[in-house]
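Listed below, chain by chain, are the residues.
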Amino acid sequence: MNSIQIENISKSYGNIVALKDISINVHKGEIFGLIGADGAGKSTLFDILVTLLLPDKGKATIENLDVVKDYLKIRKLLGYMPGKFSLYQDLSVYENLDFFASIFGGTIEENYDLIKDIWVQIEPFQTRPAGKLSGGMKQKLALCCALVHKPTVLCLDEPTTGVDPVSRKEFWGMLKRLKEKEITILISTPYMDEAMLCDRVALIQQGTIMAIDTPLRITEKFGKKLFSIHSENLYRLLKDLRMYEETHSCYSFGQDVHLAVKSQATSKNDLAQYLFSKGHENVIVKIINAGIEDTFMELMNNSLKVES
Amino acid sequence: MRTIGAIIRKEFLQVFRDKAMIRIIFLVPVIQLIVLVNAANMDMNNISLGIVDRDMSPTSQKIINKLQASGYFILKDFETTSAIAIKKMERDKTDIIVQIPKDFEKDIYKGNNPRISVTVNAINSLKAGIASSYAVNILTDYAKELSANFQATANQNNISYFDITYSNWFNPRLDYKTLMLPGILALLITLIGILLSALNIVREKEIGTIEQLNVTPIGRFQFIAGKLLPFWILGLVLLTIGLLVSKLLYDLPIVGSLLLLYGVVSIYLFAVLGFGFLISTISETQSQAMFVTMFFLFTFILMSGLFTAISNMPVWAQKIDIINPTAYLVSIIRLVLLKGSTLSDIKPQVTAIIIFAFLTNALAIWRYHKTS
Chain A
1 MNSIQIENIS KSYGNIVALK DISINVHKGE IFGLIGADGA GKSTLFDILV TLLLPDKGKA
61 TIENLDVVKD YLKIRKLLGY MPGKFSLYQD LSVYENLDFF ASIFGGTIEE NYDLIKDIWV
121 QIEPFQTRPA GKLSGGMKQK LALCCALVHK PTVLCLDEPT TGVDPVSRKE FWGMLKRLKE
181 KEITILISTP YMDEAMLCDR VALIQQGTIM AIDTPLRITE KFGKKLFSIH SENLYRLLKD
241 LRMYEETHSC YSFGQDVHLA VKSQATSKND LAQYLFSKGH ENVIVKIINA GIEDTFMELM
301 NNSLKVES
Chain B
1 MRTIGAIIRK EFLQVFRDKA MIRIIFLVPV IQLIVLVNAA NMDMNNISLG IVDRDMSPTS
61 QKIINKLQAS GYFILKDFET TSAIAIKKME RDKTDIIVQI PKDFEKDIYK GNNPRISVTV
121 NAINSLKAGI ASSYAVNILT DYAKELSANF QATANQNNIS YFDITYSNWF NPRLDYKTLM
181 LPGILALLIT LIGILLSALN IVREKEIGTI EQLNVTPIGR FQFIAGKLLP FWILGLVLLT
241 IGLLVSKLLY DLPIVGSLLL LYGVVSIYLF AVLGFGFLIS TISETQSQAM FVTMFFLFTF
301 ILMSGLFTAI SNMPVWAQKI DIINPTAYLV SIIRLVLLKG STLSDIKPQV TAIIIFAFLT
361 NALAIWRYHK TS
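Quick mapping for you: the protein sequence lines, in order, are chains A and B.
Going letter by letter, the first sequence gives residues 1 to 308 in the working numbering.
Going letter by letter, the second sequence gives residues 1 to 372 in the working numbering.
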């Protein structure tokens with residue numbers, strides 16, 4: 001069963017096309033990731049889904065309710081966490097939570113079991129003004145406030161941007177527990193490593209969807225043999241590899257270079273020999289499986305080539 | 001209802017948490033009542049007087065004494081030729097020159113209708129008008145006194161034989177403070193009303209909290225009611241503080257019904273709060289809202305009849321004042337407090353305020369819908 005259905009949605013701001021003919025189905029109780037760079041159109045899609053923006057074209061439903069016609073009903077069953085921290089900074093942690101529980105006509109106690117895991121972590125700070133919390137704490141509070149009315153669908157727009165790695169990991173732990181409670185979660189993120197934590201993801205680029213699938217199957221779409229290469233001089237390594245005739249694409253990933261080659265026949269030895277001839281020392285070459293980021297780059301390149 | 005209650009509770013929490021806000025709401029009105037009422041005093045008692053006495057007679061001396069004894073004038077210049085006196089006025093030494101011609105006393109005895117000329121520096125027309133009327137009053141009084149002394153010379157036709165007496169009703173001592181206080185109360189209510197509501201909602205836009213509110217099932221009516229009611233209550237508290245300060249410090253006469261006054265102000269507050277809310281729906285930032293608010297505030301206040309009587313304004317300005325809610329409120333507060341007017345006396349003004357309240361709120365709700 002589909003919790004969120006998006007059919008051929010388009011949206012433009014003047015001449016700028018933000019979304020181009022987008023269709024996505026999100027199943028009930030899954031964590032669905034929208035992966036894309038800044039400006040890819042993720043937030044626009046969110047605004048349409050949470051009934052803040054009208055699409056130019058197309059149709060979207062949440063729990064079979066139309067986002068345009070049934071917006072009031074949708075607002076009751078939707079939990080939304082905007083990309084920007086949008087709680088009252090001058091109110092205390094407790095006052096914020098109490099306020100959001102009250103405007104949905106409920107109380108904190110009614111749905112306490114849903115937020116309990118998260119709430120116990122911020123409870124020691126409940127009298128502190130929300131504006132004085134750390135980034136990770138703010139996210140937890142925002143999540144609590146989005147959950148306090150027991151929504152069935154949760155929309156999280158870049159919840160982990162600007163949050164430290166430990167808090168990010170904790171945050172994803174919480175999402176996994178929410179999933180067990182049958183809550184559908186739509187989450188957007190610019191971090192590729194977070195994509196692997198989703199049940200399914202959509203790769204979005206310049207308002208179009210490049211791929212929708214489970215993270216694993218998306219990486220299988222890569223289809224090329226991939227090497228991870230380390231050398232002492234990263235810059236020269238990158239330059240030399242771009243000159244290599246078997247090179248399909250190569251990008252630096254931290255301290256390493258990921259190199260995709262044209263032919264499956266290219267071996268570690270071939271590469272090592274080539275690099276040795278170029279004068280590189282202490283070269284480590286490994287065959288690796290493509291990650292989501294490799295796939296994203298590859299798909300992005302393909303779509304750019306098609307356009308030009 | 002619970003939703004509205006939640007918003008009201010939240011607003012009060014925020015207002016009372018913001019120390020600067022508390023000061024604006026409670027301290028500023030008191031200070032303004034103390035400072036403005038005393039500063040914006042239009043009673044004249046230190047008009048600089050120049051005298052050109054070319055007669056130098058006991059009569060001319062008596063006139064000068066009379067002017068000085070009135071307490072309105074301070075003798076700043078004494079000349080014998082008008083040219084020098086005029087020069088002094090040009091240099092802003094004097095506000096008014098009284099010229100007594102040569103042979104003034106002799107002419108009076110002969111019955112030749114001598115003329116005293118009064119020249120006023122009209123740079124400040126308000127001051128000029130008041131100064132000249134004071135001077136003319138004193139001189140006429142003295143003329144009457146003289147005519148009583150010279151009953152025999154009946155052919156003096158420049159001296160009036162009938163007596164003009166007047167009294168200032170509803171403000172018997174023509175106390176300027178009594179006139180200003182109700183007006184300043186009206187200003188304070190307007191200022192706080194428009195500013196608080198305009199800035200409040202724009203602030204939610206600026207911080208982004210409005211986005212979080214918009215995805216909740218709060219209805220438009222609930223939102224506006226929840227936003228306006230706290231400031232409505234604050235406005236009435238402010239009126240109470242203002243009335244208390246006026247009574248304690250200035251002994252403001254309260255002739256009419258306080259209940260009527262509170263009733264009218266309640267409606268008026270809805271009007272200005274709705275107006276502030278309307279401003280907030282068309283502004284994106286607090287500074288934008290501030291500028292728009294200031295524009296309307298100044299217009300409303302300067303044209304409210306507090307500083308210039310509306311009947312003295314040009315016709316087009318009077319027409320504009322038809323849509324100035326503050327003008328109605330200033331008039332109502334004065335009528336109710338000083339004159340003791342009842343609801344039937346102020347029906348036209350109250351009707352206008354009700355219409356204004358209805359229009360601003362309807363527009364605000366409509367605009368709020370369009371922007372969300």
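If you are wondering where the hints come from, they were derived from the structure by calculation, not from laboratory data.
Treat each hint with caution, since some may be false.
To be verified - The list that follows gives simulated cross-link-like pairs (lysine to aspartate or glutamate, DMTMM-like), each with its CA atoms no further than 20 angstroms apart:
{"id": "1", "chain 1": "A", "residue 1": "224", "chain 2": "A", "residue 2": "270"}
{"id": "2", "chain 1": "A", "residue 1": "76", "chain 2": "B", "residue 2": "345"}
{"id": "3", "chain 1": "A", "residue 1": "132", "chain 2": "B", "residue 2": "18"}
{"id": "4", "chain 1": "B", "residue 1": "106", "chain 2": "B", "residue 2": "145"}
{"id": "5", "chain 1": "B", "residue 1": "205", "chain 2": "A", "residue 2": "90"}
{"id": "6", "chain 1": "B", "residue 1": "19", "chain 2": "A", "residue 2": "90"}
{"id": "7", "chain 1": "A", "residue 1": "132", "chain 2": "B", "residue 2": "204"}
{"id": "8", "chain 1": "A", "residue 1": "84", "chain 2": "B", "residue 2": "204"}
{"id": "9", "chain 1": "A", "residue 1": "150", "chain 2": "A", "residue 2": "90"}
{"id": "10", "chain 1": "A", "residue 1": "84", "chain 2": "B", "residue 2": "206"}
{"id": "11", "chain 1": "B", "residue 1": "62", "chain 2": "B", "residue 2": "141"}
{"id": "12", "chain 1": "B", "residue 1": "88", "chain 2": "B", "residue 2": "53"}
{"id": "13", "chain 1": "A", "residue 1": "73", "chain 2": "B", "residue 2": "284"}
{"id": "14", "chain 1": "A", "residue 1": "84", "chain 2": "B", "residue 2": "284"}
{"id": "15", "chain 1": "A", "residue 1": "132", "chain 2": "B", "residue 2": "90"}
{"id": "16", "chain 1": "A", "residue 1": "84", "chain 2": "B", "residue 2": "211"}
Quiz item: Which of the listed hints are broken here?
Solution: Checked against the structure, the hints that fail are numbers 2, 9, 13, 15, while the rest are satisfied.
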